[in-house]
Amino acid sequence: MAKIFIYPTNSLILSDLVERFGHKPLAMMEKIKEKITTVGVDSPPINITPEDPKLGLKYAAVEVPAGVRGRMALVGPQIDEAEAAIIVLDSSSAFGCMGCARTNELTKFLARQKDIPRLEVKYPRTEEEGKYFVYQIAEFLKSLPKEEDEE
Amino acid sequence: MSGEDVDEITKIVVIDSESVLPSDAAMKIYESDVDITIKETCFGTMVTGPRDSVEKVVAEVRALDPNHVFVKQRGFPPGDKRRCRASRGGGPRPGFHYLRNEVASLPIISKALDEYEAYNPAEKEESPEKISPSKLKDIIESKL
Chain A
1 MAKIFIYPTN SLILSDLVER FGHKPLAMME KIKEKITTVG VDSPPINITP EDPKLGLKYA
61 AVEVPAGVRG RMALVGPQID EAEAAIIVLD SSSAFGCMGC ARTNELTKFL ARQKDIPRLE
121 VKYPRTEEEG KYFVYQIAEF LKSLPKEEDE E
Chain B
152 MSGEDVDEIT KIVVIDSESV LPSDAAMKIY ESDVDITIKE TCFGTMVTGP RDSVEKVVAE
212 VRALDPNHVF VKQRGFPPGD KRRCRASRGG GPRPGFHYLR NEVASLPIIS KALDEYEAYN
272 PAEKEESPEK ISPSKLKDII ESKL
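So the sequences go chain by chain: A and B. Residues in the first sequence are numbered consecutively from 1, following the working numbering. Residues in the second sequence are numbered consecutively from 152, following the working numbering.
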């Protein structure tokens, strides 16, 4: 089971497909869960502690807005941990929790810099594109080792 | 929330099926005898509880219609004051728009998964049956 970094990092479709084909998605939700359930870290309603922008310094320079560094404090370690990456381009829904364009650029950049198997596909808008999208992701995931770090 | 040492998770189960309704999934979950909490929503169900139980139940629900039931983890448990709109004065909760946007493209993905399954029989391929000795003997002795 390989750890797959997904972008968009909170995608239902990607997270589901990765799990469906037997791997572990590294998604934002898991990180958020850790953050809000760790006793002592919680500072509602924002959940970002003063430590997070400092952690983010590993991935973004000090003059970069704290928001980017705060986000990178969550996303960066996932990229470090990743054994493969799936990046979906042209996602019209990269807003809301995913709304920081600079973080998104940096995330994609760091994932591309890392020497790991990587798949880049476009978000599907038609049925034909959907078939291609699923086919590419499925074949990519099947090509990755499944039992690598189990035993 | 309960249990400090228990690894509790929440999963969102989104159903995009013609044969399985969100209520069917909810019934399936109610039938299971594990200690979990569920919340029915407009797009499916949210399941909260110990990791093992949640994963077991979610696998059961997914088995109802594998290519049309989608699952992802959720960071916040249902009803969390920081997200629940009841305590935030209404409006969609953060993250809802993204989910709604993806739910809109699930029919495309479901159909593609159906087709992928149909076009990739590689794993289901069965090896040909062994020839019985008598049949092999007949073939050897036959004069073509």
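Since the hints were derived computationally from the structure, they do not count as laboratory data. All figures in this text were calculated on a predicted structure; none of them were measured in a lab. Please note that the accuracy of each hint is not assured.
[Unchecked claim] Pairs of lysine-lysine, DSS-like flavour, derived with a Cα cap of 30 Å: (1) A:Lys24 to A:Lys54; (2) B:Lys286 to A:Lys33; (3) A:Lys24 to B:Lys232; (4) A:Lys33 to B:Lys288.
[Stated by the list, open to error] Among chain B residues calculated to face chain A with C-beta under 10 Å, some are: (5) Thr161; (6) Ile187; (7) Ile189; (8) Thr192; (9) Lys207; (10) Leu215; (11) Arg236; (12) Ile259; (13) Ser261; (14) Tyr270; (15) Pro279; (16) Glu280; (17) Lys281; (18) Ile282.
C-beta: ideal position from N, C-alpha, C; glycine also.
Results for each hint:
1. Proposed proximity of lysine 24 of chain A and lysine 54 of chain A is supported: the alpha carbons are some 28 Å apart, at most 30 Å.
2. Distance check on the hinted pair: lysine 286 of chain B and lysine 33 of chain A sit about 63 Å apart at the alpha-carbon level, beyond 30 Å; violated.
3. Distance check on the hinted pair: lysine 24 of chain A and lysine 232 of chain B sit about 29 Å apart at the alpha-carbon level, within 30 Å; holds.
4. Proposed proximity of lysine 33 of chain A and lysine 288 of chain B is contradicted: the alpha carbons are some 67 Å apart, above 30 Å.
5. Hint on threonine 161 of chain B holds. Least Cβ distance to chain A is approximately 7 Å, under the 10 Å limit.
6. At its closest, the beta carbon of isoleucine 187 of chain B sits 16 Å from a beta carbon of chain A; the interface hint therefore is violated under the 10 Å criterion.
7. For isoleucine 189 of chain B, the interface hint is violated, since its Cβ never comes within 10 Å of a Cβ in chain A; the closest pair sits about 17 Å apart.
8. The criterion of a C-beta within 10 Å of any C-beta in chain A is not met by threonine 192 of chain B, whose closest approach is roughly 13 Å, and the hint is violated.
9. The beta carbon of lysine 207 of chain B comes no nearer than 14 Å to any beta carbon in chain A, farther than 10 Å, and the hint placing it at the interface is violated.
10. With its C-beta approaching chain A no nearer than about 15 Å, leucine 215 of chain B sits outside the 10 Å limit, and its interface hint is violated.
11. The criterion of a C-beta within 10 Å of any C-beta in chain A is not met by arginine 236 of chain B, whose closest approach is roughly 13 Å, and the hint is violated.
12. Annotation: interface hint on isoleucine 259 of chain B holds; nearest CB of chain A at approximately 4 Å, less than 10 Å.
13. Because the closest C-beta pair between serine 261 of chain B and chain A is about 9 Å apart, less than 10 Å, the hint holds.
14. With its C-beta approaching chain A no nearer than about 8 Å, tyrosine 270 of chain B sits inside the 10 Å limit, and its interface hint holds.
15. With its C-beta approaching chain A no nearer than about 24 Å, proline 279 of chain B sits outside the 10 Å limit, and its interface hint is violated.
16. Because the beta carbon of glutamate 280 of chain B sits about 27 Å from the nearest beta carbon in chain A, more than 10 Å, this interface hint is broken.
17. Checking lysine 281 of chain B against chain A by beta carbon gives a least distance of about 29 Å; that is not within 10 Å, so the hint is violated.
18. Restraint check, isoleucine 282 of chain B versus chain A: the minimum CB separation of about 32 Å is more than 10 Å; hint violated.
Hints 2, 4, 6, 7, 8, 9, 10, 11, 15, 16, 17, 18 from the earlier list are contradicted by this structure; the remaining hints agree with it.
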